[in-house]
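*Asks:* The chain contents come next:
There are 2 protein chains.
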Amino acid sequence: MLTFDPICAIATPPGAAGLAIIRLSGDSCFTIADTCFRGKTSIEEARSHTILYGAFWSGGQAIDQVTAFVYRAPHSYTGEDVVEFGCHGGTIVAHEVVQALIEAGARHAEPGEFTKRAFLNRKLDLTQAEAVGDIIHAVSTQGSHTAARQLMGGFTRRLAELREKLLELCGLLELELDFSQEDIELIDKTVLARRIHEAREYCLELASAHRSSEILRSGFSVGIVGYPNAGKSSLLNALLGKNRAIVSEIAGTTRDYIEETLQIGSMAVRIIDTAGFRASSDVIEVAGIQLAETLLEECHLILVLNDSAEGWEHSNPLVNSLRGKFLEARVECVQTKIDLLENTPEASKDAIFEGLHLSVKEERGIKELKHFIEREAQRAVQTVSDALINARQASLLTQAASSLAKAREAVQAGASNEFAAIDLREALKRIGEITGEVWNEEILNSVFAKFCIGK
Amino acid sequence: MLTFDPICAIATPPGAAGLAIIRLSGDSCFTIADTCFRGKTSIEEARSHTILYGAFWSGGQAIDQVTAFVYRAPHSYTGEDVVEFGCHGGTIVAHEVVQALIEAGARHAEPGEFTKRAFLNRKLDLTQAEAVGDIIHAVSTQGSHTAARQLMGGFTRRLAELREKLLELCGLLELELDFSQEDIELIDKTVLARRIHEAREYCLELASAHRSSEILRSGFSVGIVGYPNAGKSSLLNALLGKNRAIVSEIAGTTRDYIEETLQIGSMAVRIIDTAGFRASSDVIEVAGIQLAETLLEECHLILVLNDSAEGWEHSNPLVNSLRGKFLEARVECVQTKIDLLENTPEASKDAIFEGLHLSVKEERGIKELKHFIEREAQRAVQTVSDALINARQASLLTQAASSLAKAREAVQAGASNEFAAIDLREALKRIGEITGEVWNEEILNSVFAKFCIGK
Numbered sequence: 001m002l003t004f005d006p007i008c009a010i011a012t013p014p015g016a017a018g019l020a021i022i023r024l025s026g027d028s029c030f031t032i033a034d035t036c037f038r039g040k041t042s043i044e045e046a047r048s049h050t051i052l053y054g055a056f057w058s059g060g061q062a063i064d065q066v067t068a069f070v071y072r073a074p075h076s077y078t079g080e081d082v083v084e085f086g087c088h089g090g091t092i093v094a095h096e097v098v099q100a101l102i103e104a105g106a107r108h109a110e111p112g113e114f115t116k117r118a119f120l121n122r123k124l125d126l127t128q129a130e131a132v133g134d135i136i137h138a139v140s141t142q143g144s145h146t147a148a149r150q151l152m153g154g155f156t157r158r159l160a161e162l163r164e165k166l167l168e169l170c171g172l173l174e175l176e177l178d179f180s181q182e183d184i185e186l187i188d189k190t191v192l193a194r195r196i197h198e199a200r201e202y203c204l205e206l207a208s209a210h211r212s213s214e215i216l217r218s219g220f221s222v223g224i225v226g227y228p229n230a231g232k233s234s235l236l237n238a239l240l241g242k243n244r245a246i247v248s249e250i251a252g253t254t255r256d257y258i259e260e261t262l263q264i265g266s267m268a269v270r271i272i273d274t275a276g277f278r279a280s281s282d283v284i285e286v287a288g289i290q291l292a293e294t295l296l297e298e299c300h301l302i303l304v305l306n307d308s309a310e311g312w313e314h315s316n317p318l319v320n321s322l323r324g325k326f327l328e329a330r331v332e333c334v335q336t337k338i339d340l341l342e343n344t345p346e347a348s349k350d351a352i353f354e355g356l357h358l359s360v361k362e363e364r365g366i367k368e369l370k371h372f373i374e375r376e377a378q379r380a381v382q383t384v385s386d387a388l389i390n391a392r393q394a395s396l397l398t399q400a401a402s403s404l405a406k407a408r409e410a411v412q413a414g415a416s417n418e419f420a421a422i423d424l425r426e427a428l429k430r431i432g433e434i435t436g437e438v439w440n441e442e443i444l445n446s447v448f449a450k451f452c453i454g455k
Numbered sequence: 456m457l458t459f460d461p462i463c464a465i466a467t468p469p470g471a472a473g474l475a476i477i478r479l480s481g482d483s484c485f486t487i488a489d490t491c492f493r494g495k496t497s498i499e500e501a502r503s504h505t506i507l508y509g510a511f512w513s514g515g516q517a518i519d520q521v522t523a524f525v526y527r528a529p530h531s532y533t534g535e536d537v538v539e540f541g542c543h544g545g546t547i548v549a550h551e552v553v554q555a556l557i558e559a560g561a562r563h564a565e566p567g568e569f570t571k572r573a574f575l576n577r578k579l580d581l582t583q584a585e586a587v588g589d590i591i592h593a594v595s596t597q598g599s600h601t602a603a604r605q606l607m608g609g610f611t612r613r614l615a616e617l618r619e620k621l622l623e624l625c626g627l628l629e630l631e632l633d634f635s636q637e638d639i640e641l642i643d644k645t646v647l648a649r650r651i652h653e654a655r656e657y658c659l660e661l662a663s664a665h666r667s668s669e670i671l672r673s674g675f676s677v678g679i680v681g682y683p684n685a686g687k688s689s690l691l692n693a694l695l696g697k698n699r700a701i702v703s704e705i706a707g708t709t710r711d712y713i714e715e716t717l718q719i720g721s722m723a724v725r726i727i728d729t730a731g732f733r734a735s736s737d738v739i740e741v742a743g744i745q746l747a748e749t750l751l752e753e754c755h756l757i758l759v760l761n762d763s764a765e766g767w768e769h770s771n772p773l774v775n776s777l778r779g780k781f782l783e784a785r786v787e788c789v790q791t792k793i794d795l796l797e798n799t800p801e802a803s804k805d806a807i808f809e810g811l812h813l814s815v816k817e818e819r820g821i822k823e824l825k826h827f828i829e830r831e832a833q834r835a836v837q838t839v840s841d842a843l844i845n846a847r848q849a850s851l852l853t854q855a856a857s858s859l860a861k862a863r864e865a866v867q868a869g870a871s872n873e874f875a876a877i878d879l880r881e882a883l884k885r886i887g888e889i890t891g892e893v894w895n896e897e898i899l900n901s902v903f904a905k906f907c908i909g910k
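Those protein sequence lines, which keep their order, are chains P and L. For what it's worth, the working numbering labels the leading residue of the first sequence as 1, then goes sequentially. For what it's worth, the working numbering labels the leading residue of the second sequence as 456, then goes sequentially.
One chain only, chain P, in its complex shape:
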């Protein structure tokens, strides 16, 4: 195990609560901890994975009663000697503990530095480190669970299998190269090309899971649009209702839209209420068009609310225009205020009731709409279930795929084995960068800079 200079930080969120945890890791951290801790046993003498109880001293006085959690290298989160102090929560004490540890010789940890050390000590690979960040920032249970599977090595295993297959192919190619004088063919070139192709397809499949991963990470985005008085506000309130668990209102410079996140099933759904669509004959006028379009571009589902009392085809120009503009999203019309449909001819009614329809006033159709949204959200994430592919990983997978494409072309063109072998090695390097088998400071910084301090 590598051991670095001692670092410390508060590992729990700020605020008044029963407990705060301060983490200390690195070289001589037991000595540092003992200068502040007075208990029956010293931390230096304590066995690994034991809990001591005592007073935490700073500036000649006991500032709190604390528990000290002792982990001896390599059996700790970072792989180094680690002490965690549990003190009473609140603004003051936890900061004093950190300050005292710094005075005793530790320095304040940088964002993600504990996890970075865990990586350097091979306690986890980069995909697992990234999963830690995804669990902490998860907005849905499904996103959190997927990240947990990744943390427990789901993605690591997939990549290890892929790597093994490519290494085997590489090995065969290079072995053949050794016997090139004798013209021995160790592997059928058609089989070789097929296996490289399969590996490439697998890389692309994983890379394409990036989109659904983002949905798990940030939520499934539903845009609500419609002409004025289509019932947007009341639908928004009905959807949020008692489910207003996680609510965030974007307080931007323009207050032209509202975004709220709610849990539907195991998914986080971001409802984006855009204002400003106005009908003028068959042309669609969009007030603040740029903002609205930017918002809708992020949406996976766009619901166009149509006031059914105005005629059930009243919003069709808007629906068609949006379908033409946002090809990636599903655009659906929702008939609102169906309680007002008394005088509508039966034929029209049938058409209305075929699609999505609701009455907020009579509480009809809300549950059905939620089911529809949940079904759409689930469909959008039905790909990889044990990894949250992020942009970094997707980009590396795509790069690996193009190297594999080149390798296959070389094989099919009957070129010398060494060309294909170079491309395969290139692909292996990219895959190694995903897990961190191949790394440099730049790669690590890009991964850990996003972490919070204390992790």
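Where hints are given, some of them may not hold.
As the list claims (entries may be wrong) - With a cut-off of at most 27 Å between alpha-carbon atoms, the simulated DSSO-like pairs for lysine-lysine come out as follows:
#	chain 1	residue 1	chain 2	residue 2
1	L	620	L	578
2	L	578	P	40
3	P	123	L	620
Calculated from the structure, these hints are not laboratory results. All figures in this text were calculated on a predicted structure; none of them were measured in a lab.
Once you have looked at the hints, place chain L on chain P.
*Replies:* Relative to the frame of chain P, chain L by itself:
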């Protein structure tokens, strides 16, 4: 040790961070924990004060990698069997862990319920429990340190000594009563009266520490007043400057004043900027007079800013009026804008420089003003140093003091010993209520209702 039904709650503040801790305590909590935890060792088999590492399962899947901290009764915070789970911080996982434990048989803990159990199991007395709350909500290091001394038994020991003295006097009185036929005097009545008087004085001294305790608990309040353009805003900014550590702006219905808390030395100082004082001849007009007066009533120090360029006695009517109105506070005049004093006669200048004076523009006098505030704050809290006397304790101490006064009167009047003994017993009962030696549900509820959940 008493054991109650199993309860659980998140013990760390909400928010995204490295760690969250979920506490589980009570009957069969190891069995409950084991239904969710999968590690090398089961929690049931683990020794006390050890740390296990494993996966936390819920709904048929592993939702996170966790550490389990195992404490066996009576060696735990509550005195019961306790398991604390450390999981990754964030909104989702910690709540899922609590949910899973509830499904496995625990119930959600009420505010302060863990500490209440600690009290019922005699792990700490009520003054120590109250100290826990004070540490968590401390706004200054000095307040936090005083609460820590109370947690470690400072106040408990004081009360135990007092109790012992009163018990001794009680014993003598009651012994004499047994020999009343023989007319034996075991204790000199003058000595007895003096000792009761001393005890009473001690109770009142402790009770009077309530005011300084409140300063340690909530901060030393400084009101800044002055006629318009006296330089209040710029002074406020200069005071807060880089010390803007803990900043809170009261977002009330009236935004007529600003309150900010800053640390000066080891004290928390609340700076209250009241608007609305206007000079009109020698009468003081107070705009929104009721609000301003309510605010200033809370203040321990009132600084009247006087624009020295307007004449150094310009604000005297305001100073005098405030001194007449707020007798508890110290009211001081501060000469501002002293950089503009060029044309002032020397005699006036001398008078100005005798008192508090400053120039925000030239950064003169700010440090001195801070020292002055700190000195005043320290003077206000120079009483009891190992207890934060709260309203409940002060009230009980005052009640005990009046019982002791009655006891002394009875002794001095030469009444039968039994009267003084009854009063002494009454005083002992009140002191017992402070520590919780005497308690009922009502007392406990009043103490623990103020706690946060998870403590």
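*Asks:* Indicate, hint by hint, whether the structure satisfies it.
*Replies:* Against the structure, the hints:
1. L:620 to L:578: holds, 24 Å
2. L:578 to P:40: holds, 17 Å
3. P:123 to L:620: With Cα atoms ~61 Å apart, residue 123 (chain P) and residue 620 (chain L) exceed 27 Å; violated.
Of the numbered hints given earlier, the model fails hint 3 alone.
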